[in-house]
Amino acid sequence: MNYLIPLMVVVPILAALIVNIFGGNDKTVKAISLVVAIAIPLIAIFAAVGVQYFGGHDPALIASLLPSNLVGTLAASYNTGIVYIFENIERIFIFLMGIVAFLAVLTYFAEKKKVSGPYLYLIFMGLASVTALMLSNDIFNMYVFFEITALTQVGIIVASSTEDNYEIAMKYMILGAIGGPMLLLGIGFILGTIGSVNINDIIYAISNNFVNPYSPSLVIGFALILFGWLYSAGLPPFHTIKSAVYSKARPNGSAILQGFSVLCMFAFGIAMYKIFAYIPYFNTAIILFAILAMVLSITMSAMEVDFRRMIAFLAVGELGFIALGFGIGTQYSIAAALFQATNEIVITALLFIGFGTVYYLTKTSDTRKLGGLIAVDSTMTIMVLLGGFALAGVPPFNGFQSKLMLVQAALDAGYTELAVLAIIVSVVIFFTFVKAFHTVYLQPKPKDLKFAHEKIPKATVFSVAILLIICLVLGIFPNIVTDIFITFAGGLI
Amino acid sequence: MDFQMASLFASGAFIIIGLFAAVFIDNLIKKIIGIAFIEEGANLFLICLGYKAGGVVPIFMLGMSADWFAANSAYPLPQALVLTSIVIGASTLAVMLALAMVLYRKHGTLSVSEMMGDEK
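So the sequences go chain by chain: G and Z.
Those letters in the first sequence? Residues 1 to 493, by the numbering used here.
Those letters in the second sequence? Residues 1001 to 1120, by the numbering used here.
Please keep in mind that the hints were generated in silico from the structure rather than gathered at the bench.
To list a few chain G residues with every Cβ distance to chain Z over 10 Å, as calculated:
1. Ala31
2. Met300
3. Ile382
4. Pro395
5. Ala413
6. Pro446
7. Phe451
8. Ala452
9. Glu454
10. Pro457
11. Leu492
12. Ile493
PhoX-like cross-link-like pairs, simulated, lysine-lysine; straight-line CA separation at most 25 Å:
13. G:Lys112 - G:Lys450
14. G:Lys114 - G:Lys27
15. G:Lys363 - G:Lys112
16. G:Lys27 - G:Lys113
17. G:Lys435 - G:Lys445
18. G:Lys363 - Z:Lys1106
19. Z:Lys1106 - G:Lys171
20. G:Lys455 - G:Lys30
21. Z:Lys1030 - G:Lys171
Since we're looking at a predicted model, the values are computed, not measured.
Glycine is no exception: its CB is placed at the ideal position from the N, C-alpha and C atoms.
Kindly generate the complete structure, drawing on both the sequences and the hints.
Take a look at the structure:
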């Protein structure tokens, strides 16, 4: 048994509880948080690939204890407990999310004199939830952790104490309280048809024709789960609320929230692909929402004067690229989507934290009131610019490699128009970012611009530098991850 | 109409009524009640799936044979799932009500359109 697999979930949950208890003691909370935040990516690195059967419910053991009238039936092959599967692909995502969480916590400590136990509780609880979501091979268990993630996301917005954060939190809750039960209903339809919520069991039952793959209940189940997936990822029609959520959190919180969304999108996207890829129009539906996400979010970002909202829309638009890769549905396109998801976690974290320093310095995110910030910290300015290049897909950064893969995959699959669209959207992203960057950093400083802080904390500069290095390394040596993604996508197809 | 079918119709009614309230009613508390309806409708739907006419409670007792139990007990998985789902629903509801209290203190109204009207 590989104890490190459940530890990836247990450690952040324990950390969450402990930091909440010691909320009043800054030194203890900081020490525990940093140790745990370093430990999580390390556990992901050292854990061996494997399967964890909770409650000792190994199917081979259970099969030997079955009543005679169940032997040979479909139910006899079912997993009776929750199963976690840890492969190299989960290792990459959990490692990167752990790194982003560590850097976000570090930035939070540097920018906030008095740390909040509940805020850190929410970060660690959310981290535990998305990790469990990634590992779980059980769609109901995924739903449970998705709901916990959604609650922690709301908590992070509320704890951020920004203007109108309660209104946005409530809107997100209301939409989530509709999206969540729809997901549950979808799971119910699958359970009612197949009798299991384990993904492998469902695939086994469908692929061996124990159930009619085109039964209305399975198709309705797919539609409802697709609705839940759109909500979890923030794809249209949920793109405006998702971008509002990112813009209302603290910059380090936004970095984490976006990471959570990408992991939710990945986990449910893979589960949907495994179960429902045979359904006619599955790919068309995903492509449709991908195009909507790309076009709507990028258009809205181009019109924004609030830079936090602009980055939030750009982040949601980038999710469209991930969905596009899933929708095209070839081995190479899925690998490209996974690579894009990896890059999205890192690049948007860089931009939220890096551009967030402008808000830290001036307490405003309105680009019309900003200017001349290159004079405050030129290093940070350059790093933010390079982060924007990575987002837009400029070489030699990771965003370029994943978008190139995506365009090549679209062309190989005969979707020339999608390849052209992806390139056009990337160009718009580039110009939108450069326009905002020019306004905030390069144009003359307005006379009435006042500073809340004079300097950017070193820890924040360090965090952004680490994220930029990851972007560069993944851009120059994409094979570190793409080989794993291509192998995984091959297995999926 | 048997008991299972009646319960399925009831769960459908719960969900439709809840969706109507959550989408069309302006009062925040009524919206939240609507959302609770949706959640309970989904739970009732799940519970119905495990129903077995004439079945026994899925608890293995002394004196039962394994074969008889497997043939006659209700399916326990939906019940276990609903138990978890109820806890999640209660947590979601608690957070929404807490937010509703804060928003009422801030805006002095429970009208969602008035609350969100001045939100940028």
